[in-house]
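Trainee: Sequence:
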Amino acid sequence: MSAGSRPALPWRILVVAGAAVLVWLVLGALLGRDYDRLTHAIGAVLTTAVVVPLVVVARRVLDRRPWAGLGLPSLRAGWRRLLFGMACWLVPAAAGFTLCLGLGWVEISVRTSVGDALRVAALLVVLVFLKEALPEELVFRGYLQHHLATRLPAWQAVIGQAVLFTVFGFLIGAARSVDRLALFFVFALLVGAFRAATGDIWAGIGLHVAFQTVAQLFGDVGAVFEVVGATVLGVVAMGAIPFSVSWIVLRHRYRDHLNWNALAPEPARQSG
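In short: position in the sequence shown from 1, add 705, done, that's the numbering used here.
Treat the hints as calculated values from the structure; they're not laboratory data. Cβ atoms here follow ideal geometry from the backbone N, Cα and C, with glycine treated the same way. Do not rely on the hints blindly, as some may be mistaken.
To be verified - What follows is a set of in silico ranges between Cβ atoms, one per label pair, in the way DEER data are often shown: (1) G809 to N966: 26 to 32 Å; (2) L743 to L788: 39 to 45 Å; (3) V831 to L886: 37 to 43 Å; (4) A800 to S710: 52 to 58 Å; (5) L804 to A887: 45 to 51 Å; (6) E812 to V731: 56 to 62 Å; (7) Y959 to V937: 41 to 47 Å; (8) S779 to V726: 27 to 33 Å; (9) V761 to G807: 45 to 51 Å; (10) F875 to R974: 48 to 54 Å.
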């Protein structure tokens, strides 16, 4: 079958974006809204187990192109960028936490033992990777941004996927307030820029894991810390400071490689 018989690009984008919304809505309905660790773990495993094959099928059946174009090489090839993305968020976030605590804007106390807090943190890293970071980055920065970038300049593709990600957050009920919509959009712009700069989604996965793990650890999901001034902590230490510094670091490190007006190449179609 010829490449011309593929569905038009807007339809392929719509199908994958719509399928992602359906996956999250269905899994959310099946697992319910009441939180516990087991339900979280089941949801995380199911999300990756459904979304990764979904993207594989879309790439093979709708696109008829090899996996390489989606920017997810092996971990062996991408682990440095994974750690780079994590460090870009964690280091300035640590400075933000120190600032908030030092100025008395925030008070944090541990509800449980330090050992238990570390165990919860380690578990959340795995669950965030499976439930949010890998599937969301693969769909939005991997599949959707790549396809937009084959037709639009890189900066427009980044904005386009950020809009799609924000709509996704609204439709699944994760971003219904103005502040949550803004968070989804700004976060998607940042990880989209990492995708455009590095050429794959590993750095974005690393940043996503770091941000979401800490946000959950110091929130109701982790249930480990008592936080007074949680709004300030979220806006300053988890948002403004690490997001801004991550952008500055990205611009500096990839200043000689990133062309915001370039189009992304699409690998040749699969034979057979």
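Trainee: Run through the hints listed earlier and report the numbers of any the structure violates, in increasing order.
Mentor: 1, 2, 3, 5, 6, 7 and 10
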